[in-house]
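Enquirer: Sequence:
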Amino acid sequence: MQKLNERRAGTCNSSVGGASEAMTDRLCLRLLATSDLHMQLIAYDYVKDRQTDGDSLARLATLIRSARAEAEDAGELCVLLDNGDTLQGSPLGAFLAQKSVSPHPMIAAMNMLGYDAVGLGNHDFDHGIDHLARCITEFEAPVVCSNMTSDRLPDLKPYAVLQRTARLTSGGSVQLRIGIVSALPEQTATWNRQHLDASAQVTPPLPALQNAARRAKADGADIIIALAHMGIAQFDEGDEAQNQAADVSALPEIDTVIAGHTHLRFPGPDHQGAQGVDCITGLIAQTPVVMPGCGGSDLGVVDLNLERGVREDPWRTTKQHVVLHKLTDDIREDPTIATLANDAHFATRTDLACPVAHLPEPMHSYFALACPSLVPALMAAAKKHAIATAVAGSNLAKLPLLAATATPATGGFDGPGNFISLPAGQLQRRHVAGLIPYANQVWAVTATGARIADWLERSALIFNVLHADTPDQLLVDPQVPGFRYDAIYGLTYDIDLTKPSRFDGAGRTVKGRAGRVSQIMWNGRPLDPEQEFLVALTDHRAGGGGTFRPFEDDDIMVRNEAPLDQALMEYLSDPNAVLKQHPAPWRFVPCPGVSAILNTAPDALNHLEDLALMSPEPCGFTQDGFARLRLHL
Numbered sequence: 001m002q003k004l005n006e007r008r009a010g011t012c013n014s015s016v017g018g019a020s021e022a023m024t025d026r027l028c029l030r031l032l033a034t035s036d037l038h039m040q041l042i043a044y045d046y047v048k049d050r051q052t053d054g055d056s057l058a059r060l061a062t063l064i065r066s067a068r069a070e071a072e073d074a075g076e077l078c079v080l081l082d083n084g085d086t087l088q089g090s091p092l093g094a095f096l097a098q099k100s101v102s103p104h105p106m107i108a109a110m111n112m113l114g115y116d117a118v119g120l121g122n123h124d125f126d127h128g129i130d131h132l133a134r135c136i137t138e139f140e141a142p143v144v145c146s147n148m149t150s151d152r153l154p155d156l157k158p159y160a161v162l163q164r165t166a167r168l169t170s171g172g173s174v175q176l177r178i179g180i181v182s183a184l185p186e187q188t189a190t191w192n193r194q195h196l197d198a199s200a201q202v203t204p205p206l207p208a209l210q211n212a213a214r215r216a217k218a219d220g221a222d223i224i225i226a227l228a229h230m231g232i233a234q235f236d237e238g239d240e241a242q243n244q245a246a247d248v249s250a251l252p253e254i255d256t257v258i259a260g261h262t263h264l265r266f267p268g269p270d271h272q273g274a275q276g277v278d279c280i281t282g283l284i285a286q287t288p289v290v291m292p293g294c295g296g297s298d299l300g301v302v303d304l305n306l307e308r309g310v311r312e313d314p315w316r317t318t319k320q321h322v323v324l325h326k327l328t329d330d331i332r333e334d335p336t337i338a339t340l341a342n343d344a345h346f347a348t349r350t351d352l353a354c355p356v357a358h359l360p361e362p363m364h365s366y367f368a369l370a371c372p373s374l375v376p377a378l379m380a381a382a383k384k385h386a387i388a389t390a391v392a393g394s395n396l397a398k399l400p401l402l403a404a405t406a407t408p409a410t411g412g413f414d415g416p417g418n419f420i421s422l423p424a425g426q427l428q429r430r431h432v433a434g435l436i437p438y439a440n441q442v443w444a445v446t447a448t449g450a451r452i453a454d455w456l457e458r459s460a461l462i463f464n465v466l467h468a469d470t471p472d473q474l475l476v477d478p479q480v481p482g483f484r485y486d487a488i489y490g491l492t493y494d495i496d497l498t499k500p501s502r503f504d505g506a507g508r509t510v511k512g513r514a515g516r517v518s519q520i521m522w523n524g525r526p527l528d529p530e531q532e533f534l535v536a537l538t539d540h541r542a543g544g545g546g547t548f549r550p551f552e553d554d555d556i557m558v559r560n561e562a563p564l565d566q567a568l569m570e571y572l573s574d575p576n577a578v579l580k581q582h583p584a585p586w587r588f589v590p591c592p593g594v595s596a597i598l599n600t601a602p603d604a605l606n607h608l609e610d611l612a613l614m615s616p617e618p619c620g621f622t623q624d625g626f627a628r629l630r631l632h633l
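Taking our numbering, the leading residue of the sequence shown gets 1, the next gets one more, and so forth.
Errors might be hidden in some of the hints.
Cβ pair distances, simulated, as ranges [stated by the list, open to error]:
1. Ala562 / Pro471: 40 to 50 Å
2. Ala347 / Val589: 44 to 54 Å
3. Pro526 / Glu361: 50 to 60 Å
4. Asp574 / Gln51: 27 to 37 Å
5. Lys511 / Gln272: 27 to 37 Å
6. Cys619 / Asn576: 14 to 24 Å
No lab work stands behind these hints: they were computed from the structure.
Think of the CB as a built atom: it goes at the ideal place given N, C-alpha and C, for glycine as much as any other residue.
The whole structure should be built from the sequences, with the hints applied where relevant.
Expert: Here's what the structure looks like:
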């Protein structure tokens, strides 16, 4: 409570009553922040092979330079920071990692823009720790992570202290020492365990940040900025929470928090209703917090007024203002930044144009959260093929083989363009990149029928509880990303949308709830809770990615080093490849009188026959450009 009481008087545009008159030194510090850039260096859709008017660092460069110039004109010190998940997220990033391209154009762009410090996100490990180690050496700014160490990342720093010359409002200048600490979710150790060796350690973020902040203070830091690669929790996430930005903001050692990871924005309406969060002023526990979207969509700006008394006194924040500067349609890409990508960009396009397979029939993901789709069916078939090949001739081949798969690209936070639509015929590498945007591998685990039933129940949390005669209720909870919905192929089961899940958002059993998943069948018989299955899945899901319970090492039977995209191409290269290996795994229990709204791509209106059994009714468009369909269940 000490920190909360101290900060209570320091809200936006207010000063500490009675104390400011005695202060002798005052200065203004502007923090500029990006997060989750995910290799959006330029506004280009590599899957569709076309220039876009979307977000990118090359466009955001204009806002960065404008905000920095504004600060300089006002005599303010300005520092530019990034909060991680920078090196992965587009085919350009994958190409750079595969070919070990140096200099890395994203890092060259960040160096040109003058970033002062960079944090790590969990996805920065996705292309391997050796790639990450090379990239860290290319940054001119310190790369910081306070809760992760590895012998293979010798240049990674637990904290940094930036010494900058700041102008005092009364005239003259002073040396301000800005401490930077950084943390990523502790679950990174399981999500990326295939990339980490025995020397790698990921520790709980809160004590690590406290320790690093104290060390930075001991090294002379006047103020501490936390790069917290974690979101603002929308609900109680339980004992294994990954979105702890609010907890970080309550640490007494931390003066400002840059958040991220969830790709949401703060301040603003994205976190409306979250406990203890001021979505207007951008304060949590009276600490300024900013979360600047993803892909270069926004520039986070935190303006701090700092004051101190005699020169030995500590600096403290007396005023703060937090705002997001969003890209607008009139902002074009900065050519000096965009051209840094030219060579790698054209090489990536050439690589992605390579034909890799033949697709026997068209498919799309427009309705994948309303009914089973060919997209996850294809992914499941490829995973099963890879694991069946890997275990052939072993005792594992005697176990019944299932496949768990989520559907990539179902709209959500990334907008109405985030869907897949593939024509029948030649499949190019770029199409595969759209189907598999992450560097996942195909693994296999053993799981009992009981665990699988829990798995399905947890997946069904994505759907809202629906009520009869309630108009225009949303089918899908907008706070739950589509990739958290797994279908398990090789089974059939029903989902009753009028009933709540047996689990809450943190995966805890809710007393008295029977659940919404029923009639789980295997080979025409009810699923035996004791029966053991071999389940093909991704390494990410095996590690608990998507807030699922991670599998223990003893449960993981196959750690296939072949990437999922390679497994898909190998499967489709077989002329006898069949997408419909199993009946549709799931269906909604018919609910007369119940309807719900599905937000989907505008092009989905040309495919309504695929949803004929739900009598879809177009209902206009959302402000974000989604087509609204009323489905009758």
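Enquirer: Work down the list of hints and note, for each, if the structure agrees.
Expert: Against the structure, the hints come out as follows:
no., hint, result
1, Ala562 / Pro471: 40 to 50 Å, "holds (48 Å)"
2, Ala347 / Val589: 44 to 54 Å, "holds (50 Å)"
3, Pro526 / Glu361: 50 to 60 Å, "violated (32 Å)"
4, Asp574 / Gln51: 27 to 37 Å, "holds (35 Å)"
5, Lys511 / Gln272: 27 to 37 Å, "holds (29 Å)"
6, Cys619 / Asn576: 14 to 24 Å, "violated (42 Å)"
Violation of the numbered hints given earlier is confined to hints 3 and 6; the remaining hints are satisfied by the structure.
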